[in-house]
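S.K.: Model the full structure from these sequences, guided by the hints.
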Amino acid sequence: ALRYLQLGERLFVDHADEIPDGLLLRLAQTHQWMGDTVIQRATNAAIEKKKQAQSIVTGSGEGSERAADDALAANSCDKVEVPDIRLDPVTKQEAKRHYLASANYYRARAMRLQIDSPEETVTSLGLAAHAYDEGGDLKKAIDVMKEYLRLTANDPRQVEGTYLLGKYYEAI
78 ALRYLQLGER
88 LFVDHADEIP
98 DGLLLRLAQT
108 HQWMGDTVIQ
118 RATNAAIEKK
128 KQAQSIVTGS
138 GEGSERAADD
148 ALAANSCDKV
158 EVPDIRLDPV
168 TKQEAKRHYL
178 ASANYYRARA
188 MRLQIDSPEE
198 TVTSLGLAAH
208 AYDEGGDLKK
218 AIDVMKEYLR
228 LTANDPRQVE
238 GTYLLGKYYE
248 AI
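The numbering used here numbers the first residue of the sequence shown as 78 and each following residue consecutively.
For the record, the hints were derived by calculation from the structure and aren't laboratory data. Heads up, some of the hints might be wrong.
What the hints assert, rightly or not - Under the rule of at most 25 Å between Cα atoms (straight-line distance), these lysine to any residue pairs were calculated in the SDA-like manner:
1. K244 / R174
2. K217 / A185
3. K128 / R174
4. K128 / T168
5. K169 / R234
6. K244 / R227
7. K169 / A130
8. K216 / Q170
9. K217 / L102
10. K126 / V167
11. K244 / G213
12. K223 / N181
13. K217 / I116
14. K128 / Q106
15. K169 / L215
16. K217 / A248
17. K169 / N181
18. K244 / R234
19. K216 / L226
20. K223 / H207
21. K173 / A130
22. K173 / H207
23. K128 / T114
24. K127 / E171
25. K223 / K244
26. K169 / Q106
27. K223 / R189
M.R.: Here is the structure:
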């Protein structure tokens with residue numbers, strides 16, 4: 078799906094300001110989904126590895142507790158490594174690339190819709206700030222969230238935006 082959308086984007090390579098709103102939205106959503114998928118798959122793989130390592134340590138079936146106790150007593154399980162659920166740098170970088178691309182597309186969409194659709198502008202800015210946060214660019218997340226708050230004056234969403242802005246500042 079992403080390659081198909083990127084083909085559509087290439088049609089506007091000389092006229093980036095003319096990319097249709099729908100295409101910007103789909104590019105943003107697809108990159109967000111890709112980032113989430115990369116993280117989820119890596120997390121699932123790490124959990125599976127951890128389960129396998131734990132089953133080696135504890136054994137399975139009848140008497141597994143006894144076998145685990147014996148292994149602990151004999152110190153024979155010292156060589157079994159049970160991995161933390163930490164993502165490798167390559168996976169993190171791939172997810173970050175998708176999240177930042179998503180944020181840039183949401184931000185471009187927000188700028189495009191400012192006059193015609195203020196409500197969609199605010200929604201896209203909120204999504205862009207979230208994606209910048211997930212991508213690790215807190216300075217851009219703060220800038221976008223400030224714009225979000227400026228546009229949501231007298232709006233119930235301003236409370237959530239203020240809270241998130243505080244969290245972004247706290248994280249820096």
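S.K.: Does K128 pair with R174 here, judged by a C-alpha cut-off of 25 Å?
M.R.: Answer violated: K128 to R174 is near 29 Å, above 25 Å.
S.K.: Could you grab the alpha-carbon distance between K244 and R234 and see if it respects the 25 Å cut-off?
M.R.: Roughly 16 Å between the alpha carbons, so the hint for K244 and R234 holds.
S.K.: Taking only the CA atoms, is the gap from K169 to R234 under or equal to 25 Å?
M.R.: Judged against 25 Å, a Cα distance of about 30 Å means the pair is violated.
S.K.: Decide if the proposed pair is consistent with the structure: K126 and V167, CA atoms, cutoff 25 Å inclusive.
M.R.: It holds: about 18 Å lies between the C-alpha atoms, which stays within 25 Å.
S.K.: Is the straight-line distance between the alpha-carbon of K217 and that of L102 25 Å or less?
M.R.: The hint holds at about 19 Å.
S.K.: Hey, K244 versus G213, does the alpha-carbon distance stay inside 25 Å?
M.R.: Holds. K244 to G213 sits at ~13 Å (cutoff 25 Å).
S.K.: Taking only the CA atoms, is the gap from K216 to Q170 under or equal to 25 Å?
M.R.: It holds: about 18 Å lies between the C-alpha atoms, which stays within 25 Å.
S.K.: Within 25 Å, alpha carbon to alpha carbon, are K217 and I116?
M.R.: Judged against 25 Å, a Cα distance of about 22 Å means the pair holds.
S.K.: Below or equal to 25 Å on CA atoms is what counts here, so check K127 against E171.
M.R.: Between K127 and E171 the Cα gap is close to 23 Å, so the pair holds against 25 Å.
S.K.: Regarding the pair K216 and L226, is the alpha-carbon distance no greater than 25 Å?
M.R.: holds, 15 Å
S.K.: Would the hint linking K128 and T114 be met if the CA-CA limit is 25 Å?
M.R.: Given pair K128, T114 holds - Cα atoms ~21 Å apart, limit 25 Å.
S.K.: Would you check the hint for K223 and R189, treating anything up to 25 Å between C-alpha atoms as holding?
M.R.: holds, 18 Å
Consistency with the previously given hints fails for numbers 3, 5, 14 and 21, ordered from lowest to highest.
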